[in-house]
Structure formats: structure tokens, C-alpha cells
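**Q** Read off the chains here:
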Amino acid sequence: MKRKIVGYYFITYLLLAILLIFVLFPFAVMLSMSLKAPDEQFTSPPYLIPHRPNLENYFHVFGQGSMFARYFMNSLLVASGATFIVLGVAIFSSYGYARLLFPGRGFFLALILLSQLFPLAAIIVPLYRIMGATKLIDSYISLIIGYLTFSVPVGVWFLRGFFLSIPQELEEAAMIDGCSRFQAFIRIVVPLVRPGIGATAAYLFFITWQEFMFALTFITSESKRTLPVGIFDFVGQYETNWGNLMAASVLICIPVFVLFLFLQQQLVGGLTQGAVKG
Amino acid sequence: MRTLWIWFLVVGMVLSLSVVGWAQKVTLNVWLMKQAEVELIKAQEEALKQFQELYPDIEVRFAVFPYSEYRDKLLVAAAAGNPPEVSVVDQIWNPEFAAADFIIPLDEYVAQSQSVKKENYFSGAWDSAQFQGKLYGVPFDVGVWALNYYNKDFFRRAGLDPEKPPVTWDEFYEMGAKMTTAEQWGTALWVGKGDAIQCITDALIFSNGGSVLNEDFTRCVLDQPPAIEAMTFFKRLQSINPAGEVARTEEDSFQLFTAGKIGMFWYGEWGQDTINARAPEMDWACTNFPNPADGKSIGTFGGWNMVIYRSAPNKDAAWKFIEFWTSREVNERVSSLTPANIEAAKSFLQNKRKFSDVIFKQLTTALYRPIFPKYPDLAEIQRNATTAILLGEKTVEEALRDATAEINQLLEEYYATH
Chain D
1 MKRKIVGYYF
11 ITYLLLAILL
21 IFVLFPFAVM
31 LSMSLKAPDE
41 QFTSPPYLIP
51 HRPNLENYFH
61 VFGQGSMFAR
71 YFMNSLLVAS
81 GATFIVLGVA
91 IFSSYGYARL
101 LFPGRGFFLA
111 LILLSQLFPL
121 AAIIVPLYRI
131 MGATKLIDSY
141 ISLIIGYLTF
151 SVPVGVWFLR
161 GFFLSIPQEL
171 EEAAMIDGCS
181 RFQAFIRIVV
191 PLVRPGIGAT
201 AAYLFFITWQ
211 EFMFALTFIT
221 SESKRTLPVG
231 IFDFVGQYET
241 NWGNLMAASV
251 LICIPVFVLF
261 LFLQQQLVGG
271 LTQGAVKG
Chain Y
1001 MRTLWIWFLV
1011 VGMVLSLSVV
1021 GWAQKVTLNV
1031 WLMKQAEVEL
1041 IKAQEEALKQ
1051 FQELYPDIEV
1061 RFAVFPYSEY
1071 RDKLLVAAAA
1081 GNPPEVSVVD
1091 QIWNPEFAAA
1101 DFIIPLDEYV
1111 AQSQSVKKEN
1121 YFSGAWDSAQ
1131 FQGKLYGVPF
1141 DVGVWALNYY
1151 NKDFFRRAGL
1161 DPEKPPVTWD
1171 EFYEMGAKMT
1181 TAEQWGTALW
1191 VGKGDAIQCI
1201 TDALIFSNGG
1211 SVLNEDFTRC
1221 VLDQPPAIEA
1231 MTFFKRLQSI
1241 NPAGEVARTE
1251 EDSFQLFTAG
1261 KIGMFWYGEW
1271 GQDTINARAP
1281 EMDWACTNFP
1291 NPADGKSIGT
1301 FGGWNMVIYR
1311 SAPNKDAAWK
1321 FIEFWTSREV
1331 NERVSSLTPA
1341 NIEAAKSFLQ
1351 NKRKFSDVIF
1361 KQLTTALYRP
1371 IFPKYPDLAE
1381 IQRNATTAIL
1391 LGEKTVEEAL
1401 RDATAEINQL
1411 LEEYYATH
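Keeping their order, the protein sequence lines are chains D and Y.
Sequential numbering of the first sequence, starting at 1, is according to this note's numbering.
Sequential numbering of the second sequence, starting at 1001, is according to this note's numbering.
Excised from the complex, chain D in its bound form:
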């Protein structure tokens, strides 16, 4: 019996180890490359631990002539701006879809889902024309508006699931005690779905943080570029500055890691919580 349990654990940990190696190996290579000088990067045979580790690549990424710090701030601004606006819109509208009865509810809900089926490449040209006509091309606003097109539906759909998971009786009880529907919403329902809002916010931040195509198309000035586009500064026509590219990649991952660490509990709990009634 005992041997059976030991065997069970052994297999579990073995599989976990394989999975971890599979997931972490590319990151390890990235980190290793970012700490190596050019003459160590492509040796034969290759090795993971740098013989002369140094931070030269990181200094260069933030150094003179590099726009990386600027790109970083731009990404932060655009991703958090878009996330806040989406949450503001989606909290109310998803509550409406979850609770209020109005004609066409099912139809509009289906439409929201349908809008997710369009590939981004299909809506980018009309959006570009709209931005061009409204003189918004090459502005942060154009990116934020662009991101709303795909992130609002995601936000609404996610949050609706969370709202559905709150028993309606709680609101009714609050209203019997004298709350208006709005008060019941703000004081009872929203605090209860806070984990869900956190999870949705994190997800929205991730998808806007790494968005590439809109950022490439709408922004022209170097000073307004975001990270996923800006990172290509290190990729030349024939040659790539691998050390710098990998250092920049490591740095790009950091905010997402930090966010994950803080939100991990909510994210895992939140996503499954909404999923049941989704």
C-alpha cells in the first residue's frame, strides 16, 4: 500500500518536473543569453551558465540612444488606461446582461460573442481609416480605443459569469432593507465579485500589454511606441542583437510576473468561480 503511494507521488513529481523543464527552459535560455557577452552567446557546444556573467546588455537596453524606458512607460500607460476604461464599461453592462431583463438581451449577448470571432487583422483597416479621419493616428488614445474593440467584449463576458454566480437573493434582501437597485449593486454585489474583477483586470492587462498589431499600425512616432513593437529595435535586417533582445525580453516579463504573484490567488479562484455559471 505504502509503496503504491510512493510510486504515485514519484510519477506525479516526475511529470511535474518534465512540465516545468518544458515551460522554464526557454526562459532560462533567455536569462542566460541576456547575461552573456557576444562571444559567449553562440558557442559550440552551447552552455547555460555564463562563464563571465555581466549586466552589459541590461545597461545597453536602458542606455543612451535606446528608447526602451520610454516604450515601457508607454505600454504601462496604454495597458492600464485601456484596462480601467474597460472595467468601467464592463462592470455595468455585464451586470445588466446578468440581471436585467430587456428585449434583445440574448441577441446582443450573442453579438458580443460573435465579435470575438473576427480576427483582429480584419478590423484593423476600417479602424485605421476611422482613426485617420478623426486625426487620432499616432496617439495613445487611438491605441486605447483600438484595444476597447476586443477587450470590452472579453470583459463583459467574463464579468457576467461572476455576477451570475452571486445569489440574486442577496440583492433582493438589500432592497427590502431599503437599498435602491443601484445601491444594492454598489454595496453588495460589487464587493462580492471583487476577486472576479481582479482576475478580469489582470487578464485585460495581459492582453493589452502584449498587443502587437494595433500598436504597429496606429503608432508612427518612436516616442509613442509600446514594448511589443519597440523590442524589434534590436532585430536588424540581417543581424540581431541577441544579448540586448533577450535582456529586453526579460524586462518585459517582469510586470506580468509581479502582477501574477499578487493576483495569483484571485486569478485561479476567480476564473473558476466565474466559469461554473459562464
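A portion of the hints provided could be inaccurate.
Here are the simulated lysine-lysine pairs, DSS-like style, with alpha carbons at most 30 Å apart [stated by the list, open to error]: (1) D:LYS224 to Y:LYS1042; (2) Y:LYS1193 to Y:LYS1261; (3) Y:LYS1164 to Y:LYS1049; (4) D:LYS224 to Y:LYS1346; (5) D:LYS135 to Y:LYS1315; (6) Y:LYS1235 to D:LYS224; (7) Y:LYS1235 to D:LYS135; (8) Y:LYS1394 to Y:LYS1042; (9) Y:LYS1261 to Y:LYS1164; (10) Y:LYS1164 to D:LYS224; (11) D:LYS224 to Y:LYS1320; (12) Y:LYS1164 to Y:LYS1352; (13) Y:LYS1374 to Y:LYS1193; (14) Y:LYS1193 to Y:LYS1394; (15) D:LYS135 to Y:LYS1049; (16) Y:LYS1152 to Y:LYS1164; (17) Y:LYS1374 to Y:LYS1354; (18) Y:LYS1152 to Y:LYS1261; (19) Y:LYS1296 to Y:LYS1117; (20) Y:LYS1394 to Y:LYS1152; (21) D:LYS135 to Y:LYS1025.
FYI, nobody ran anything at the bench for these hints, they're computed from the structure.
For chain D, the structure is supplied; the task is to place chain Y on it using the hints.
**A** Relative to the frame of chain D, chain Y by itself:
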């Protein structure tokens, strides 16, 4: 109250006058490639200041893009009617932009120009900007595929004289064979995904007296003996190169060279800095691209031309900028590849490159790739043929015959509608 009105009036007049004054200034949007070198960015800024002193009424705004995003950016902006006034374009995009009517012919400007003259630029680069009898760009910078880089230690180990690198195809193969062991090879081939491998195969064909298209770019001539011989030689090199060449890119193979796994490698002059950074200990040299015993060493041009967009409101100002930016003195300072202006190139190579004579010789004889608006499609057919040859799916003759038929069909379809 009255004084207040007068104040308003005065302020209003000053404001409107300054707006008029400001409006008279011509704004020029110029799109360039992103440069990583700090020194180069500084040099560009200084040159721009100089231009602004010369032409205070022209305000130049630079936008720079990394290579991988540049073409998409330009095409989207031009298609949406919102391109810059001036930009650099890759030589192989020049006919495409001309055929799409995005850019204007520059012959009239050139006829009146003091500094922009055909003889001041590498002829292959100048000709790359020609399309249907008109000139659509002024060469800005160039690169040539390929030089033969070699690791002298490989020569010594194989009992060869490192001061006598191969000149002919046969010598290249034989010396490479002597270097080849189970762990090291004479050279490394590659195909990859981009348009670079065509530069190598074209250079082999050019060196053997052949060509990809006929003189007026209406028929493909890849099924002729010069191309067949060139590709047969290319296939022969497979035996002195490590396996996996079809999946490798030029960068992968270059890494094999800097890692000391191969003795010789065909690459452009811009690779020197990378070799010194990645393999500071290596005793390397470079020589001209090998040629067949009865042929001549001819490389393939790459590089960038400066163009003016049709939608530019002030084309004269745009031309002034191009004249300035490609002039001998400025061209040398602001380009990262070799300047296209011959005099600028000479001093650039002497100051920044080793073996400048070898490079200069390769540049003066280099030829441009076929001029055809759908060049990327043509290049893909060529690349597929190269892949089929290396994989042994087809014989050299079969592969080139099929590619010729495909390219001819592409040409016919294009010219039937244009």
C-alpha cells in the same frame, strides 16, 4: 473695458501673424530605418541640424522603424493615403512602389541637380531604382552579397596557405573538402525564409555570365546553362557543409562560422563587426566571392534607395533633402551600411572596414536583382527551387526548368494586366 479690447486685438494679431509665419514653414516627414549605434544617431542629428541651417524654412521630422516592421508600415500608410514625404525603400521594393504609383519619377530633378549624378553612385545601385525607363529613387546605402570570409586556422590545420584563399569555384570546393572532418566543415549553406539566399544564388549565376530574367525583365532565363552550372556547383557544396542547410538561416550559418565550426562563409561586408564581437580571438580575413575558372567575381546588391511620395505637398523640399542626405559628405556620416555615393563609400570603407579594397572591388561590379513589382513572389519561386535542389527532390535541371515556367507565368500574368 476699452483697453481690454485693445489688448485682445493686439494679442490676437500677434498670434495670427505667428501662425501665418509658422504655416509658411514646410514640414517634411522622413521615414528611415532604426539604427542601434549611438554614434550614428548622433551623426544623423548633427547632419539634420546642418540641413536646417541651410534651409530654415523646411522642418524635417524623422520617424524611424526597425527593419521587420518597416515595409508593413510603409505599405499601410501609402495605401491609406498617409505616407511620409520621403523615405528609404529596399531596392527590391522600389519597382513595387513605382508600379503602385506611390512614388514619383525623379529624372527631371536629377537632370537639374549639381550633386545627384549617375556617375557618383555605384552603377548597380543606381540601376536598381530604374523602372520602365524612369528613375524612381536615389541610392542611399548598399551592401554586397557576398564576400568570402575565412578562418585562417582552418587553412593551417588543413595544410593550406592562409594567404592564398580560393579564387575559383573549384579551388573553393577543394579547399573546403580538405577542411571538412566529422566535426568541422568547409562552409555552411543555408536557405532560410527571407530574400537573402537569392542574393547568393544570383551572385553565382551572375559570376557565371548568367541572369535570372532577360534584359527587359519579360522572360526568365534560369533554365539556361549559366544558371544550371551555377546551381550544380551550389549543390556540390552540400558535401562540405553540415547537414540541415535548408532549415538554416543566414544568421544560423553565420553563427557556425563565429563558433569556429566552418572554415569559410559567404556574407556581406557589414558582418565584420559581428565577427569581431562574437569571435574576438579568431584570425580571419575576407576575399572576393569565388568565380568559375572562366568567369568573373560578381556579387548581388542589396541596399536602400530614397524616394519621394506622390502625395507629398512640397516635392521640391523633399528633393532638397534627398540631395543633401545622399551627398558625398553627409552620406558617409549618416549611413550604417556602405554609402551608395562612391566617394563617400571609399572613405567609409577605409575608416570603418578591414579589407576595404576587396569590398570596394566587389561593390563596383555587383549587379542588382531582377526589377519586377512582384519581386517577392519571384524570389519565393527561386527559393523553392533551391530547396528542391538541396533536398534532392528534383535534379538541378528539373528544378530550374519548373521555376522558369512558374516565373514566366507570373511575368505573363502581371504584364497582361499592367
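**Q** For LYS224 (chain D) and LYS1042 (chain Y), compute the direct alpha-carbon distance and say whether it is at most 30 Å.
**A** holds, 20 Å
**Q** Sort out whether LYS224 (chain D) lies within 30 Å of LYS1235 (chain Y), counting only the CA atoms.
**A** The given pair, whose Cα atoms are some 48 Å apart, is violated under the 30 Å limit.
**Q** Taken at face value, is the distance from the CA of LYS1261 (chain Y) to the CA of LYS1193 (chain Y) at most 30 Å?
**A** holds, 23 Å
**Q** Is the straight-line distance between the alpha-carbon of LYS1261 (chain Y) and that of LYS1164 (chain Y) 30 Å or less?
**A** Holds, at roughly 21 Å.
**Q** Mind checking the alpha carbons of LYS1164 (chain Y) and LYS1049 (chain Y) for me, to see if they're no more than 30 Å apart?
**A** violated, 48 Å
**Q** Between LYS135 (chain D) and LYS1025 (chain Y), does the CA-CA distance stay at or below 30 Å?
**A** Holds, because 21 Å separates the two Cα atoms, which is no more than 30 Å.
**Q** Need the status of pair LYS1394 (chain Y), LYS1152 (chain Y): alpha-carbon distance at most 30 Å?
**A** Violated: LYS1394 (chain Y) and LYS1152 (chain Y) sit about 36 Å apart, past 30 Å.
**Q** For the pair supplied as a hint, LYS1164 (chain Y) and LYS1352 (chain Y), confirm whether the alpha-carbon distance does not exceed 30 Å.
**A** holds, 24 Å
**Q** Hey, LYS1374 (chain Y) versus LYS1193 (chain Y), does the alpha-carbon distance stay inside 30 Å?
**A** Satisfied, since the Cα-Cα distance of roughly 17 Å is no more than 30 Å.
**Q** Has the given pair, LYS1164 (chain Y) with LYS224 (chain D), been kept, meaning a C-alpha gap of at most 30 Å?
**A** violated, 53 Å
**Q** Does LYS1042 (chain Y) sit within 30 Å of LYS1394 (chain Y), going by the straight-line distance between their CA atoms?
**A** violated, 52 Å
**Q** Does the alpha-carbon distance linking LYS135 (chain D) and LYS1049 (chain Y) stay inside the 30 Å limit?
**A** holds, 29 Å
Taken one by one, the earlier hints fail for this structure at numbers 3, 4, 6, 7, 8, 10, 17 and 20, listed in ascending order.
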